[in-house]
Amino acid sequence: MAGMLAMVTVMGSLMSPLSAKADQIDAPYLALGADLNETEKSTVLSLLEINEADLSSYQVITVTNADEHKYLDSYLDSSVIGTRALSSVLIEKKDKGNGIKVTTSNITYCTTGMYQNALATAGVTDADVRVAGPFNISGTAALVGAMEAYSNMTGETLKAENADAATEELVTTSDLGEAIGDKEQAEELVGAVKEAVVSQDLSDPEEIEAVVDDAAKEMNIQLSDEDKQKIVSLMEKISSLDLDVDSLKEQAKDLYNKLESLDLNINQEQVKGFFDRIVSWCKNIWNSIFG
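In mature numbering (1 follows the signal peptide of the UniProt record, and there is no 0), the protein residues as written are -22 to -1, 1 to 269.
A few of these clues could be false.
Unchecked claim - Taking CB as the label site, the calculated pair distances span:
{"no.": "1", "residue 1": "GLU27", "residue 2": "SER181", "range": "38 to 46 Å"}
{"no.": "2", "residue 1": "GLN200", "residue 2": "SER34", "range": "49 to 57 Å"}
{"no.": "3", "residue 1": "GLU156", "residue 2": "VAL38", "range": "31 to 39 Å"}
In short, the hints are calculated from the structure, not lab data.
Every residue, glycine too, gets a C-beta built ideally from N, C-alpha and C.
Required output: the full structure, derived from the provided sequences and hints.
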């Protein structure tokens, strides 16, 4: 518990924005990895389609390796995070209804849908996000830059607990993609379960596990017990957040449009029916013994 409180405190300090003026919100924000050398920086700027001579048109911040470790140490081994901050993010605030749109370059571990879903959990709204590395990198740490840039750009403080859940969500989904060998299915599974948990206001671990089982069955995904428990643990955390399912679907619309096209049959009645059958079975056992 003390560790979680420390993590929330750290995220609260990182997510406290500088005051944002109107012209700053209009200007795109660029979060550069602090450890990029000049060649790597030039590569990243080129991938983000930024002319170095035009950097004065952007609000530029740097993300350090220490920042990355503060966010990610609870969820990733330090050796995975590494010793250099290389992920860079360009983020631009858009009009209401735009949703979160993500493109990536040289990112090998995280998909655009994973970023969208995690950023929606964090509380980011209506923004275009471009993520780039100087060469192939996992991209997990890019979430740090995206959230920090968004907070500074808008002047809006992202809730520490939401930022923490978003970080765990990105790591869990990425790991799941590796485990099942299909990153797109991993993002769809986590997105579908999150939609069900938020829309049905589920918090009981057994009910959440039933939804995970149901969604995995619908998608024909074989989950290990360890992967299943990681998803359940993540969803317990997400269930404690004040998330609105319509806002999630509006912000990560690319992902949820795909889920809608899959026509998954995951709903409250199925979950309720599962537990009704358990209660009925227990009653029958009780009656057979004491009836």
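Evaluated hints:
Checking the proposed 38 to 46 Å range against GLU27 and SER181 shows it holds: the Cβ atoms sit about 44 Å from each other. Range check, GLN200 to SER34: about 52 Å between beta-carbon atoms, so the 49 to 57 Å window is met. Judged by the Cβ atoms, the range 31 to 39 Å given for GLU156 and VAL38 holds: they are separated by roughly 33 Å.
The earlier numbered hints are all upheld by this structure, with none contradicted.
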